[in-house]
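Novice: Line by line, the protein sequences are chains Y, S and L. If you read the first sequence in our numbering, its first letter stands for residue 1, the second for the next number, and so on. If you read the second sequence in our numbering, its first letter stands for residue 1, the second for the next number, and so on. If you read the third sequence in our numbering, its first letter stands for residue 1, the second for the next number, and so on.
Source of the hints: derived by calculation from the structure; they are not laboratory data. Think of the CB as a built atom: it goes at the ideal place given N, C-alpha and C, for glycine as much as any other residue. All the pointers check out, no bait thrown in.
Derived Cβ-Cβ restraints for the label pairs, each shown as a range:
#, chain 1, residue 1, chain 2, residue 2, range
1, Y, 322, L, 79, 45 to 55 Å
2, S, 71, L, 144, 30 to 40 Å
3, L, 94, Y, 211, 44 to 54 Å
4, S, 55, L, 152, 17 to 27 Å
5, Y, 322, L, 160, 47 to 57 Å
6, Y, 23, L, 36, 26 to 36 Å
7, L, 152, S, 71, 31 to 41 Å
8, L, 152, Y, 357, 44 to 54 Å
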Amino acid sequence: MKFVVFLIGSCVAVAALLAARSVLVRPSSGDADAMVVWFHQYGEAGTDEACQRYTRAFEQAHPSQRAKLSMFPGDYDSKVNAALLAGRGPDVFEHEPTLDDVRNKRVAPLNDLVDESVRTDFHPLAMEALTFEGKVYGVRTVIDTGFLYYRRSMLRAAGVEPPRTLRELVDTARKLTTGEHKGLFIGNDGGTNSHFGGLIVLSAGEKLIDRNGCRFSVPRIAPGVAMLRELNQSGNLLVGATADWWDPSAFINGECAMQWCGLWAMPAIRKALGDDFGIVAWPALDERGAPVTFVGGHSLCVNAASPRRQQALDYLRWTWIDNLEIQADWNLAYGFHLPPRQTVAAQAAALQSGVPAEALRLVQQHGRNLGGWLWLPEMDATLTNAMAAIVKRGADPQDELNAAVERINRALDRLLGK
Amino acid sequence: MNNTWHPGTAVRSARRPVAGRIALYGIVIVLAALFLLPFYIVLRNAFATHAEITASAWVWFPPKPTLDNLTGMFAGERPILAISMVNSLIVAIAQTALQLLFASMAGYALARIPIRCGKAVLGYILLPMMIPGAVTFVPSFVLVAYFGWVNSFLGLVIPGAFSVFATLVFRQFYLDFPRDLEEAARVDGLGTWGIFWHIVVPNSQGVFVSMGILLFVGSWNSFLWPLVIAQDQNMYTVQMYVSSFLTSQNPDLPKLFMAALVSVLPIAVLFLALQRYIVGGITRSGIKG
Amino acid sequence: MNVNALQPLLQRLGPRGRHLAAFAVFAGPVILGVGLFSYIPVLWGFVLSFFEARGTVAPQRFVGLSNYALLVTDREFIRSLMMITVFGAVIVPLTVGLSLALAVALRRIGWGRTFFRTVFFLPMTCSYVAGSLVWRMSLFNGQAYGVANMAGSVFGLQPVEWISAPSPPLYWVALVTVRLWLQCGFYVVIFLAALVEVPASLYEAAHVDGASGWQSFRHVTLPSIRNASVSILFLCTIGAFQAFDEFYNVMGGVASPGNITMIRTPLIYLYDVAFTQQNYGYGSAGAFVLTLLIVVFSALQSRVVGFGRAEG
Chain Y
1 MKFVVFLIGS CVAVAALLAA RSVLVRPSSG DADAMVVWFH QYGEAGTDEA
51 CQRYTRAFEQ AHPSQRAKLS MFPGDYDSKV NAALLAGRGP DVFEHEPTLD
101 DVRNKRVAPL NDLVDESVRT DFHPLAMEAL TFEGKVYGVR TVIDTGFLYY
151 RRSMLRAAGV EPPRTLRELV DTARKLTTGE HKGLFIGNDG GTNSHFGGLI
201 VLSAGEKLID RNGCRFSVPR IAPGVAMLRE LNQSGNLLVG ATADWWDPSA
251 FINGECAMQW CGLWAMPAIR KALGDDFGIV AWPALDERGA PVTFVGGHSL
301 CVNAASPRRQ QALDYLRWTW IDNLEIQADW NLAYGFHLPP RQTVAAQAAA
351 LQSGVPAEAL RLVQQHGRNL GGWLWLPEMD ATLTNAMAAI VKRGADPQDE
401 LNAAVERINR ALDRLLGK
Chain S
1 MNNTWHPGTA VRSARRPVAG RIALYGIVIV LAALFLLPFY IVLRNAFATH
51 AEITASAWVW FPPKPTLDNL TGMFAGERPI LAISMVNSLI VAIAQTALQL
101 LFASMAGYAL ARIPIRCGKA VLGYILLPMM IPGAVTFVPS FVLVAYFGWV
151 NSFLGLVIPG AFSVFATLVF RQFYLDFPRD LEEAARVDGL GTWGIFWHIV
201 VPNSQGVFVS MGILLFVGSW NSFLWPLVIA QDQNMYTVQM YVSSFLTSQN
251 PDLPKLFMAA LVSVLPIAVL FLALQRYIVG GITRSGIKG
Chain L
1 MNVNALQPLL QRLGPRGRHL AAFAVFAGPV ILGVGLFSYI PVLWGFVLSF
51 FEARGTVAPQ RFVGLSNYAL LVTDREFIRS LMMITVFGAV IVPLTVGLSL
101 ALAVALRRIG WGRTFFRTVF FLPMTCSYVA GSLVWRMSLF NGQAYGVANM
151 AGSVFGLQPV EWISAPSPPL YWVALVTVRL WLQCGFYVVI FLAALVEVPA
201 SLYEAAHVDG ASGWQSFRHV TLPSIRNASV SILFLCTIGA FQAFDEFYNV
251 MGGVASPGNI TMIRTPLIYL YDVAFTQQNY GYGSAGAFVL TLLIVVFSAL
301 QSRVVGFGRA EG
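Here chain Y stands alone, though its shape is the one from the complex (with noise of 0.2 Å):
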């Protein structure tokens, strides 16, 4: 076999290759002045073809306009801050911003699409965590929140109340473990990342940052993380389990009581469990405290250096905003979210009745979003080392909190330019 017939073949290959690809690939909707969307990849069936229909419908109801929407898996964060950092970014795209993107002028302010009577009717938690400096930077396409989820039977069993405390919840835990099952499920790694830091702050009705500072109470925080290294310690926790929290195949073949899942997973549970199960929020750090949920989800924002920028709030606005029905189909037809408009939310079937229900109560008691504009990824990697450092190598919970705090503050006295 020699080299230079292979050169010769590979050229004739990929000719051949190149051919074949042009009967299979049909040229994608919309010319080179369509808009372009890009969404990540949701893992549910049917919603690859869902935004195709959506989008379908807003060039039907706009004749002169033309959109092109992709999916993409993996890592799409770098993905799409790679093309924004080369100047290639699309039009539209999900993302939810940040306080570099807005000084950095990625993302376009979308004041004018969302009005006062339609900002009211978007689920102020979301709103806020979408304002800065009274300018709106995306809009929520859909809500994500999580619960405790609990097997009645199991707790009946036991003979225990779902926790409403901290120290409830670690009890409880030792109560739910038997031979067979462990009695709580945070997570492969034990719940030790700013993900569960940021909640237990949070049920203690403190907040993680504002514009004066980080300045939640260490003494009060330090044994609610001293709590958790002893859940990791006891041996009640599930770990190392086939998927994470995520997923809620953990708590369905009832390998864990006790799982701390998202509303995404609802559905699953319902059609594998039936009734026998429930759900709490995150139980409060202490008497003082109160529960708590995270309310999350993904929103859409415009690029501002787009050349499309009216064609891109008039998507924004058609699909997203003012098309009800949309929003219902996306939100409950694929997956199980909290649709971001309260009307949606309030004629949906689906939250009616049961326990969607008292998700939809819980989520409106007790929801809160966890960081907020001023707090950056690198004070979650703060936050998360701490906590490992507390839970997994057994440092002292207030030295590290406070080492924590003290770096927080320094990169926000950075970031507001002091």
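For this one, chain Y is given, so just place chains S and L on it according to the hints.
Specialist: Same frame as chain Y, now just chains S and L:
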């Protein structure tokens, strides 16, 4: 073809202790079983359902193997699996051909052509390997975007067409290449170019095939760069396709494993087909000994 | 290509000029390509490391060496550097040793050679995503039905938490095995290509002198594949210092940040700094500190095994 003698050919087997051979085979078989174990799991999961994969008991093989995962990949209005396979093939073939061409020439030059700054050039070529690519990633993308190669095969193939790793391997190989073949050719009046193409390349089949396979696999497995270059599904590569099932919420594990299985097949076939060329080597019977 | 037509021109260049011309033609493409696609981004990153650059790759504010100074005091970064050095010291001999052993074994066995060669090569074709998933979900999960725990139960051991337990650090078993599995095939192929080139006459001579299998390995095989071994050592070391993919995915990836803190390699840390925290100036500086470490290690290694010297 099979004229390289080595300790273990039939001539010596009478003298080799049987226990030694059994031990050797035993170890190789155990290791092979260990190496195959993960593939067995991928194979098992590819024909299972989500519940079976995340089940809390060990399942040797799903009692009712399902082909849903495979048929599911051909559903949908666009033949994404086929497109991503074709794209990956185009990129892998083109990139491997270019890499072999450029690296073999450069490797030969570094091994055989004496110039004063030879060491410096070697260092120049080796340094990029020691610099983590992940952080120079964005500047690379900006550069390629500047050329207008985003969402094109040029952007996928050209930046990676200059493999310093392959250059290194070719250089080491040609350092060991017997000079007498080249001397004889030079006496016959051939210049460096002629010697390279008429004498050296035809006699380095083994390293070309070995490197070709490794480079092909490297191209086939690359993920982050194609993700950033592609702007729509028409430019998906096969790794992107596999990853499209590993979403953060509701990952489609069965399809993920089936896709992984499918993506392994072309290379397995390639490797099997090219097996014998790897150990072809230089026919030395007439030259040495 | 009609080289003869160029003869008069080449004659006029003189021998050194001819060599330079030939070198330019042969090595030109790689030199230019590497310059364009490697050095320009690298130099860009290098410049960036002296600036503050957040959320952009354009230099924002000149800070001189302050990024580098911060790195030296960065507890997490220093931990990652120490960790990767220890990892490299362990994984490189293991990988090279295992690959060489496999390659030699493959040369010796007569029956089923093609099959076994394919078996050891196949893991290379598996995407590291799928491979890491198998390791995390099926082989080393903490449940009784995980393969490792099932194997342990044969010896009467209780199921252990392989991945998330901070002590004993059993996650290293998972990480080392997955890396060996994914990478050995690569080095086996290179070793095989080198082993094939060892002249039969050398083995014959050794046999005539009464050498045993082990002795002929030590005195014939090893010296003959020296160049290949040295390159492989070099490549393996560089790869070890840049470990990222399997580490990240086996420990749980995005879903388990707490577990990642236990094995955070320099690249995992820098990836977080550059891409998640969008701190490109600091991330670039970190990359170059890591590069320095790799260069120093490789230079030491080549001094010990004599890399740059041309043999043959």
